[in-house]
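Novice: Residue numbers (the numbering used here), protein chains in the order written: chain A, 1 to 122; chain B, 1 to 106.
Calculated directly from the structure, the hints in this document are not laboratory data. Here a beta-carbon is modelled for each residue, glycine too, at the ideal position from N, C-alpha and C. Some hints could be false.
Stated by the list, open to error - Calculated pairs, DSS-like style, for lysine-lysine (alpha carbon to alpha carbon, straight line, at most 30 Å):
1. 13/A with 41/B
2. 44/A with 106/B
3. 41/B with 44/A
4. 41/B with 76/A
5. 44/A with 44/B
6. 65/A with 30/B
7. 41/B with 65/A
8. 44/B with 65/A
9. 102/B with 44/A
10. 44/B with 76/A
11. 13/A with 76/A
12. 44/B with 106/B
13. 30/B with 44/A
14. 44/A with 38/B
Claimed, not checked - Which residues of chain A face chain B? A few of them, derived with a C-beta cut under 7 Å, are:
15. 45
16. 48
17. 59
18. 104
19. 105
20. 107
21. 112
22. 115
For reference, the chains in residue letters:
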Amino acid sequence: QVQLQESGPGLVKPSGTLSLTCAVSGGSISTTNWWSWVRQPPGKGLEWIGEIYHSGNTNYNPSLKSRVTISVDISKNQFSLNLSSVTAADTALYFCARGVPTLAAAGNFDSWGQGTLVTVSS
Amino acid sequence: IQMTQSPSALSASVGDRVTITCRASLSVSKWLAWYQQKPGKAPKVLIYDASTLESGVPSRFSGSGSETEFTLTISSLQPEDFATYYCQQYNTYTYSFGQGTKLEIK
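Isolated chain B (complex conformation) (with noise of 0.2 Å):
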C-alpha cells in the first residue's frame, strides 16, 4: 500500500493552524498513525487509529479520516512543534510510511 503525503514541506509560523493530509493507495480502515521525527532522533507516535491521542503528547494534535484519506491538524503551532511528520499503514504488513512533510519556520 502506497501512502503519499501533502504537503512535501510547509512553512508556517508560531500559532498557526496547520493540516497536513495522507492517502493511501488502498483502503488501510483505521489503520494509520502519525509521528514526529525531529533531526537525528527517533519518530514519536503522536496519534494512532487514526484519531488516538497517544499519552502525554498535547491536545493541539488532533487526526481524523478512514479509509483512503486521512488528516493530521496541529492546532496553535508551538516552537516545539517544528519537525518531520510521517504517516504509516498498519492495516497489514507490509507497513508502509508516507514520504513525510517538513514543517518549517516562516
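Looking at chain A on its own, in the form it has when it is part of the complex (with noise of 0.2 Å):
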C-alpha cells in the first residue's frame, strides 16, 4: 500500500520561497498516476496547487501558476513544490496526494499524505 511522507520547514518568512517534499513509499512514483499538492488554509476549503507525472509534465492551478514549480526526483521516489513570493496568504496545511488516472483527467485523489503545517511569519 503506498504511503506519502511530506516534509519541509514549518516556517518561511515572507517574500521566500516555500519548498516541501513528498516521499513516496511502497510502490513507485514511475507509474499511471499523477502526483499533486493540496493546501488548506487554517479553518478554509482546499485548494489544489498543481500536479506532475513521472515524466515531468507538469499542471498547475493559474491562480498560483506564477509562483509554483513541481518537479520530481525518480532515483529518490519523490516529488516536490516550491512556491515563491510568499504572504501570509500562503500559511496552511499542505498536502501531497496520488491523483488516479481516468479518461478525463488524474484528480481522484486515493491516497494523501498526513499534511505539513507551513506559516509564513517573520
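With the hints in hand, could you dock these two chains into one complex?
Specialist: Encoded structure:
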C-alpha cells in the first residue's frame, strides 16, 4: 500500500520560497498516477495547487501558476513543491496526494500524506 | 469550474439519513469525488466517478448524479461519520473542491 510523507520547513519568511518534499513509499512513483499538492488554510477548504507525472509533465492551478514549480526525483521516489514570493495568505496545511488516472484527468485522490503545516511569518 | 455545496453545515442525530448536494458551474460528466475529513487529518475518498464506492468504505455511503448536480447520502449516521465532507471535480484540471459541509451532532 503506497504511503506519502511530506517534509519541509514549518516556518517561511514573507517574500521567501516555500519548499516541500513528498516521499512516496510502498510503490513506485513511475506509474500511471499523477502526483499532486493540495493545501488547506486554517479553518478553510481545500485548494489544488498542481500535479506532476513521472515524466516531468506538470499542470498547475492558474491562480498560483506564476509562483509554483513542482518537480520529480525518480531516483529518490519523491516529488517536490516550490512556492515563491509567499505571503501570510500562503499559510496552510499542505498535503501531497496520488491522483488516479481516468478517461478525463487524474484528480481522484486515493492516497494522501498526513499534511504539514507551513506558517508564513517574520 | 466552481463547485457549490449545500448545506454548509448540518446538524443530525445518530441513525438519521443525510443528503449533501454539490452543484458544478459547468458539466463535469461523472468525474466527481466525495471526501470525508476529520480535524487535523487528510481527506479520505468515499465515492469516486460520482457513484462508485471506494474499497473499504461502508455501504451506508452512496453517491449519485451527473453533469452538474450530485448528491452524497449517508443512510444511517454513525458516530464516526461526524466530519466535514467535500466534493471535488476532476473533469479537467484545474481540479476544484466544494467549500465543504460540516456535519455536526444534534
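Novice: Which numbered hints does this structure break?
Specialist: Of the numbered hints, all hold.
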